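Engineer: Listed below, chain by chain, are the residues.
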Amino acid sequence: KAGVTQTPRYLIKTRGQQVTLSCSPISGHRSVSWYQQTPGQGLQFLFEYFSETQRNKGNFPGRFSGRQFSNSRSEMNVSTLELGDSALYLCASSLGTGNSNSPLHFGNGTRLTVT
Amino acid sequence: AQSVTQLGSHVSVSEGALVLLRCNYSSSVPPYLFWYVQYPNQGLQLLLKYTTGATLVKGINGFEAEFKKSETSFHLTKPSAHMSDAAEYFCAVSENSGGSNYKLTFGKGTLLTVNP
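Quick note, the sequences are listed as chains A and B, same order.
Using the working numbering, read the first sequence as starting at 3 and increasing by one per residue.
Using the working numbering, read the second sequence as starting at -5 and increasing by one per residue.
Calculated directly from the structure, the hints in this document are not laboratory data.
Predicted, not measured: the structure shown is a model, and the values here were computed from it.
All the pointers check out, no bait thrown in.
Cut-off 25 angstroms, straight-line C-alpha distance, at most; resulting in silico cross-link-like pairs (DMTMM-like, lysine to aspartate or glutamate):
id : chain 1 : residue 1 : chain 2 : residue 2
1  : B       : Lys102    : A       : Glu84
2  : B       : Lys43     : B       : Glu82
3  : B       : Lys102    : B       : Glu58
4  : B       : Lys102    : A       : Asp87
5  : B       : Lys52     : B       : Glu65
6  : B       : Lys52     : B       : Glu9
Okay, chain A solo, but in the shape it has when bound:
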């Protein structure tokens, strides 16, 4: 079974631009979560989607948004990029049945650099 696939692996953008990151979950997984990882803040939860609906949201500004498609694939968008948005963005999928012990399966991430 293929794992979680994130594209692209690396991105370089300029301040003020916008960016879209893509995530394909493991087949059969209906929940997709996004995390931002930085050396200073560690792993911070962005949001989670389940069956095309945002089910959970972290404490990030409205510039960060996402969506999920009917095939469970998800995209994350960041508008008006700031230097502080430079980070590794990780996507994770799970069965999402509401069972709290259902583990997350992570992709290898997209490394975003904002200059």
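Once you have looked at the hints, place chain B on chain A.
Structural biologist: Chain B alone, transformed into the frame defined by chain A:
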């Protein structure tokens, strides 16, 4: 909201030595606990998880962790470190965010260095 504290952002051991990575959590209800490992330029991989039942949990690559409710701890151990264990390790707790919705809260991570 629950929180996870990993004591020691960096732990260094010799090859063959005991590995002990510490994790404490705050929770008012029985938690579900996880350890993940992250190798350079990769995502996180599940090492082990505690849900209910036996408090000593065995995971992949020879790691295990013990849930101690009285100490609110879930420390990760491995009897003998191998060079390939060098990575960053994250402890996480599952948090109920309303109804049947849960999300993981991660600790800051512990970077494990293994010296030859």
